[in-house]
Amino acid sequence: MLSGLFKRFTTKKNSKDAAKKRLQFSLIYDKLEVNDTTLTDLQQDIVDVISKYFEIDTDSLELKVKRDENVSALVFNTPILHVKRKQV
Amino acid sequence: MEGKIIVVTSGKGGVGKTTATSSIGAALALEGNRVAIVDMDIGLRNLDVVMGLENRIVFNIVDVVLGRCKVEQAAIRDRRIENLFLIPASQSDNKDVLTTAGVERVAKQLRAKFDYIIMDSPAGIERGFENSVVSADEALVICTPDVSAVRDADRVIGLLYARSLNPKLIVNRIEPARVMRGEMLSHEDVLEVLSIDLVGLVPMDEKVLISSNTGTPLVLQSDSKAGAAFRRIARRLNGEEDLPIEMPVYKTSMWQKISKTFGLKP
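Residue numbers (the working numbering), protein chains in the order written: chain V, 10 to 97; chain Z, 352 to 617.
Keep in mind that the hints were calculated from the coordinates and are not lab data. There could be a bad hint or two in this list.
Claimed, not checked - Label-pair ranges, simulated between beta-carbon atoms:
1) V:85 - Z:560: 40 to 50 Å
2) V:49 - Z:506: 17 to 27 Å
3) Z:456 - V:38: 33 to 43 Å
4) V:41 - Z:534: 27 to 37 Å
5) V:85 - Z:597: 54 to 64 Å
6) V:67 - Z:447: 49 to 59 Å
7) Z:528 - V:51: 33 to 43 Å
8) Z:546 - V:53: 43 to 53 Å
9) Z:498 - V:72: 12 to 22 Å
10) Z:594 - V:93: 34 to 44 Å
11) V:30 - Z:557: 46 to 56 Å
For every residue, glycine included, the Cβ atom is placed at its ideal position computed from N, Cα and C.
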């Protein structure tokens with residue numbers, strides 16, 4: 010019971026959220042046969058490209074995987090903090 | 352009219368495929384259909400013991416496919432449920448004794464004699480799976496809310512699509528209390544990951560083990576939640592497509608409600 014009270018004040022993430030996320034990624038890997046490093050590299054490359062034009066919050070960006078019957082999509086979500094001035 | 356062949360698959364073993372097959376078959380028979388359940392798990396037969404028919408086996412599906420007996424000779428009639436039959440697997444043969452051509456030939460005969468033929472596919476995606484899906488008109492995929500079952504289900508769904516089957520999902524062994532605590536994937540999570548149509552949700556039920564202990568049909572037990580869920584699935588398959596899918600709920604007591612309000616463990 011005390012642990013329940015304790016749990017309320019700690020922001021522990023549900024384990025099922027981890028399960029869902031890991032599943033979504035593993036299904037993509039299974040299909041595309043890409044590995045974790047490929048996806049991390051991809052994320053870094055996307056960040057690099059966007060950072061040329063915008064200042065983005067790299068801490069709260071997320072790379073999501075969406076799936077339909079036949080199509081898989083990578084959804085990259087990032088808050089834009091500032092637009093960078095074009096350098097002349 | 353020709354009968355319909357429904358294959359029950361899962362990819363991963365141990366997710367309740369045999370229970371689902373026997374329960375859905377029995378429930379379809381209770382709805383007034385003539386039903387044959389076929390155990391396609393050659394070498395590892397189980398449906399006979401689960402259905403309590405293990406003492407009455409004379410011939411099996413391998414005998415039928417190899418022409419050693421007729422369909423009628425291998426089909427064991429259930430004594431409790433009218434119009435329910437089991438064609439057991441062979442326990443001594445290897446699964447490679449069956450060919451898809453042989454299964455298709457027998458499937459034709461079965462369609463002529465029954466309204467529904469439920470094929471219990473073995474776990475895995477090898478020869479036994481091929482033999483089970485080759486003549487299927489419809490496919491059901493069973494999975495439990497855990498990462499390995501969902502991943503294997505996804506693989507099987509892909510293989511079924513490749514055979515122009517449009518599988519429907521049954522999420523089995525849902526524990527609403529754990530879903531509520533965030534310890535278990537909800538059926539919404541599973542559906543989002545797999546993105547296929549749902550045909551039923553089955554709660555975790557202690558009665559399943561008890562009914563298999565005694566070899567009595569789960570769907571005849573009025574107090575079985577899983578049995579009730581399978582009966583609804585059968586009605587949905589039997590044309591009542593609009594029958595709402597009931598969500599397993601966690602019944603909270605007054606004390607649990609109070610403790611939840613105060614952030615105590617539910």
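Unmet hints by their number, sorted upward, for this structure: 5, 8, 10 and 11
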